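Chemist: Just so we're aligned: the sequence shown equals residues 1 to 615 in my numbering.
In short, the hints are calculated from the structure, not lab data.
This one's a predicted model, so the numbers in the text were calculated from it and none came from an experiment.
Each residue gets a CB set at the ideal place from its N, CA and C atoms; glycine is no exception.
Hints are supplied without guarantee of correctness; some may be wrong.
Calculated cross-link-like contacts (lysine to any residue; reagent style SDA-like; alpha-carbon spacing at most 25 Å) [to be verified]: (1) Lys242 <-> Pro286; (2) Lys345 <-> Pro396; (3) Lys251 <-> Lys298; (4) Lys296 <-> Lys345; (5) Lys80 <-> Gly37; (6) Lys600 <-> Glu541; (7) Lys296 <-> Pro396; (8) Lys298 <-> Lys600.
Label pairs and their calculated CB-CB ranges [as the list claims (entries may be wrong)]: (9) Cys306 <-> Phe393: 42 to 48 Å; (10) Ala371 <-> Glu299: 16 to 22 Å; (11) Ala199 <-> Glu299: 31 to 37 Å; (12) Leu153 <-> Arg533: 50 to 56 Å; (13) Arg59 <-> Lys368: 34 to 40 Å; (14) Leu190 <-> Asp100: 54 to 60 Å; (15) Gly566 <-> Arg401: 21 to 27 Å; (16) Leu153 <-> Asp459: 23 to 29 Å.
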Amino acid sequence: MKMSPQIKFALACATVVLTAEVLASATATLNWTLSDGKVVTETQELQLFADGVALTVSRDKILSMGARELAVTPDFATAKKGEDGYWVMPNNTKGTYRLDNGRLFQNWSIYMPMFGMKTPRLTYCAIVTGMPYSFGIEVLAKDGIYTQSAVFLASKDIEFYEDIRIEYHFLEGDAADYSGIARCYRKYQLDRGAAIPLAEKAKDNPVLAYAVTNMEVRIRQAWKQAPSPVLEQVTRNEPPVKAVVPFDRVKDIVDECRRQGVGGAEFCLVGWNVGGHDGRFPQIFPVEPSLGGEEKLKECVRHAQCNGYQVTGHSSFRDCYMIADTWDSEYVVEKNPDGTLKRGKTAWSGGRLYTMCPQRAYERFCPKQCAEMKTLGFKGLFYVDVTTSRPLFPCPDVRHRLNNGQRAVWENNIMHELGETFGGAASEGAFDFCARTCESALTVQWAKPFDPPSSPMVDGYIPLWQLVYHGIIVSTPFRTMINCPANPDKRYALKLAEFGGRTTFYWHSWFVTGKPPSMGTWDLEATTDGKMRQGVAWMKEGFDEYAARSHLQFCFMDRHEKVTDGVFRTTYSNGECIVVNYNDTPATVGGVEIPSMSAKLVLAESENNNNDQVQ
């Protein structure tokens with residue numbers, strides 16, 4: 001007999017106690033949606049392991065069912081409207097139990113294969129260890145009863161290449177909150193070698209140590225119109241390149257940085273390659289002539305390095321365009337069953353956008369291009385576009401067929417090559433399949449932190465990803481936090497400090513035609529000397545702020561908490577805290593005064609830095 005949500009909740013309340021006897025009887029409901037739309041429901045017992053229970057569904061079982069969807073809901077993943085607690089998702093969203101009815105489903109922004117829930121009865125961290133790249137998460141409120149489920153999706157493009165496995169780790173005491181949920185997943189990643197602390201990596205790597213403790217300054221130098229009006233580009237119809245920041249102008253920015261006292265920065269040159277930003281990938285050479293060419297680029301790099309700065313570059317081993325002199329449809333992922341190209345609608349500066357198979361990108365381009373780019377003098381966290389900002393998807397080409405697990409291996413091969421060549425690797429987003437080989441994420445969350453969430457199920461954002469990866473990967477917590485000092489809304493700078501972000505600037509971040517800028521409506525421009533000086537002045541402000549806390553990038557973020565309305569505390573593994581006060585009046589936390597609208601570093605020797613007393 002099928003139980004109602006209310007009966008399930010009552011049973012959960014009555015029986016869920018963290019004892020071996022009860023955990024041994026824990027079950028999960030498996031809802032299979034078959035290809036004809038019919039739903040088959042099963043109950044499966046969960047297996048005990050060291051600190052929780054696990055569910056395993058064999059690959060043979062999955063294939064025999066022929067289902068298009070499998071939703072897994074453990075009997076303890078339930079709460080009632082009005083109860084204390086919350087659910088969390090890996091894209092930093094958090095929600096309390098406020099609604100009678102509602103649904104939130106995420107299958108795009110699963111940055112980490114984990115999620116969690118806190119109720120008056122228990123707290124768990126769920127980690128998907130089998131098929132971790134092919135699932136979504138559902139939070140459902142029905143008649144005042146909340147459930148949290150993992151939903152595995154099948155399609156013609158998704159291959160179930162291994163058993164499904166979910167481990168539910170139960171947390172108690174001080175670990176029974178979202179900080180503990182994050183620490184649980186971090187431990188899992190560290191224990192299996194899927195992540196390495198920055199402190200360990202930087203011991204014998206001064207290039208990485210410099211990058212981590214200094215702000216990133218991206219300079220978009222040149223680009224063609226994006227999206228392109230010419231979908232099928234060849235050299236004879238290629239739109240003109242707009243050269244905005246030539247290499248000599250980059251030298252001017254460097255000189256102004258020295259004049260204004262910017263003590264350190266890692267410059268990343270965007271669009272240095274032929275055709276500018278996204279101009280002809282995977283072709284990158286010759287260096288874009290309208291910027292000054294290769295010798296001017298080398299001179300620019302040497303000039304910045306002689307002034308104490310690092311310079312690195314931007315490229316892509318994912319996007320590809322027909323205009324490239326290395327074009328070959330053999331390496332393209334988007335193909336019809338007969339092997340012909342799918343002509344997608346997405347167009348960027350280089351025309352119609354295609355995706356390279358990462359195996360072919362590595363085998364045909366990565367080591368060779370890394371060696372060639374090294375001769376330009378680049379040192380630093382070399383930025384490869386897009387890779388970690390999109391979920392994995394298979395490559396169907398029979399010549400280099402990859403499932404998502406295999407694809408992750410090749411993506412890591414690319415990032416490893418970049419790190420070995422230049423000192424470190426960076427990419428655009430927060431998907432953690434490259435957590436071992438990527439040291440920097442340009443963007444974790446694309447939402448605006450102070451706007452209402454897009455779903456009524458969500459209360460707001462917490463630094464769940466940062467609680468896992470601070471001390472492992474430096475990041476910009478929200479895309480709109482780029483160029484923070486230029487933003488008149490000073491809450492953004494406070495949120496950057498609260499979430500432990502690396503200060504990042506982007507010169508000429510506005511470049512897409514017909515769309516609002518994704519990084520906010522404040523930009524740094526080098527088109528006049530006056531604008532350039534103002535941009536560097538904002539950089540100096542950002543440098544001073546980041547210098548006071550950049551040492552924390554080598555520490556784990558161990559706890560984040562709301563102390564009182566408008567006051568938050570972030571505690572690091574070295575015992576130091578950042579306390580942020582968003583209020584218009586000062587606050588005293590543990591005997592330390594925090595001025596209004598400010599962030600303050602509280603040193604470990606302060607005896608009361610974890611005292612919740614607020615005045």
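Chemist: State for each hint whether it applies.
Modeler: Hint-by-hint comparison with the structure:
{"no.": "1", "hint": "Lys242 <-> Pro286", "verdict": "holds (16 Å)"}
{"no.": "2", "hint": "Lys345 <-> Pro396", "verdict": "holds (20 Å)"}
{"no.": "3", "hint": "Lys251 <-> Lys298", "verdict": "holds (11 Å)"}
{"no.": "4", "hint": "Lys296 <-> Lys345", "verdict": "violated (37 Å)"}
{"no.": "5", "hint": "Lys80 <-> Gly37", "verdict": "violated (30 Å)"}
{"no.": "6", "hint": "Lys600 <-> Glu541", "verdict": "holds (16 Å)"}
{"no.": "7", "hint": "Lys296 <-> Pro396", "verdict": "violated (42 Å)"}
{"no.": "8", "hint": "Lys298 <-> Lys600", "verdict": "violated (41 Å)"}
{"no.": "9", "hint": "Cys306 <-> Phe393: 42 to 48 Å", "verdict": "holds (44 Å)"}
{"no.": "10", "hint": "Ala371 <-> Glu299: 16 to 22 Å", "verdict": "holds (21 Å)"}
{"no.": "11", "hint": "Ala199 <-> Glu299: 31 to 37 Å", "verdict": "holds (35 Å)"}
{"no.": "12", "hint": "Leu153 <-> Arg533: 50 to 56 Å", "verdict": "holds (52 Å)"}
{"no.": "13", "hint": "Arg59 <-> Lys368: 34 to 40 Å", "verdict": "holds (37 Å)"}
{"no.": "14", "hint": "Leu190 <-> Asp100: 54 to 60 Å", "verdict": "violated (41 Å)"}
{"no.": "15", "hint": "Gly566 <-> Arg401: 21 to 27 Å", "verdict": "violated (53 Å)"}
{"no.": "16", "hint": "Leu153 <-> Asp459: 23 to 29 Å", "verdict": "holds (26 Å)"}
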